[in-house]
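Peer 1: Mapping the sequence shown onto the UniProt record's numbering, position 62 (from 1) lands on 62, and the numbers just tick up by one.
Just so you know, the hints here were simulated from the structure itself, not pulled from any lab data.
A couple of the hints might just be wrong.
Estimated spans, in silico, between C-beta atoms of each pair [to be verified]:
# : residue 1 : residue 2 : range
1 : ILE99     : ASP49     : 14 to 24 Å
2 : LYS82     : ALA115    : 23 to 33 Å
3 : GLY93     : ASN12     : 10 to 20 Å
Remember, it's a predicted structure, so these values are computed and weren't measured experimentally.
C-beta atoms are modelled at their ideal positions from N, C-alpha and C, and glycine is treated no differently.
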Amino acid sequence: MAGEPIITVVGNLTADPELKYVGSGTPVASFTVASTPRNLNRQTNEWEDGEAMFIRCSVWREYAENVTETLSKGMRVVVTGKLQVRNYQRQDGSQGTSIEMQVDEVGPSLRYATAQVTRTQGGANRGGFNQNQGGFNQGGGQQGRASYDAPAGGSAYDPWGQAPAGGSSFDDAPPF
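Turn these sequences into a full structure, and let the hints guide you.
Peer 2: Put into structure tokens, the structure is as follows:
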């Protein structure tokens, strides 16, 4: 659905992400991000916490598995996605409304921590940039995973690969 607001939230995970599988076997991870603003009280010259905002988030497919393997309770994260409003009926018959974020991107915040990024093995050859076609590969694989197909008679350009002798793996990036 087009037109949902896209927002970015920085906060802490309230619990470990929960991985479940829907009827078709598709994995989905759910987690909650708590974002609490801190303001300096100029009268007391002390920091005070504002009202916490809790955003329920969900992410699908291999992305869900990556999230559950990487993130854990208490981690500070940066999450970007689309807000969706859902109306539902409670067990007592009253109507309720929930706001949930369908995650586009999520990762650890590096403000107070460091992270080691590891490319997953399942990421190769799954719909992404194809140098032979000079554009985005529309036909191949699952959304969200990049593939770097080799040009005819050559080897694949892989920006995540080993750095060439004497330089970065990004030094010899092909012109796009």
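Peer 1: State for each hint whether it applies.
Peer 2: Evaluated hints:
no., hint, verdict
1, ILE99 to ASP49: 14 to 24 Å, "holds (21 Å)"
2, LYS82 to ALA115: 23 to 33 Å, "holds (25 Å)"
3, GLY93 to ASN12: 10 to 20 Å, "violated (35 Å)"
Comparing the model with each earlier hint shows a violation of hint 3 alone; every other hint is respected.
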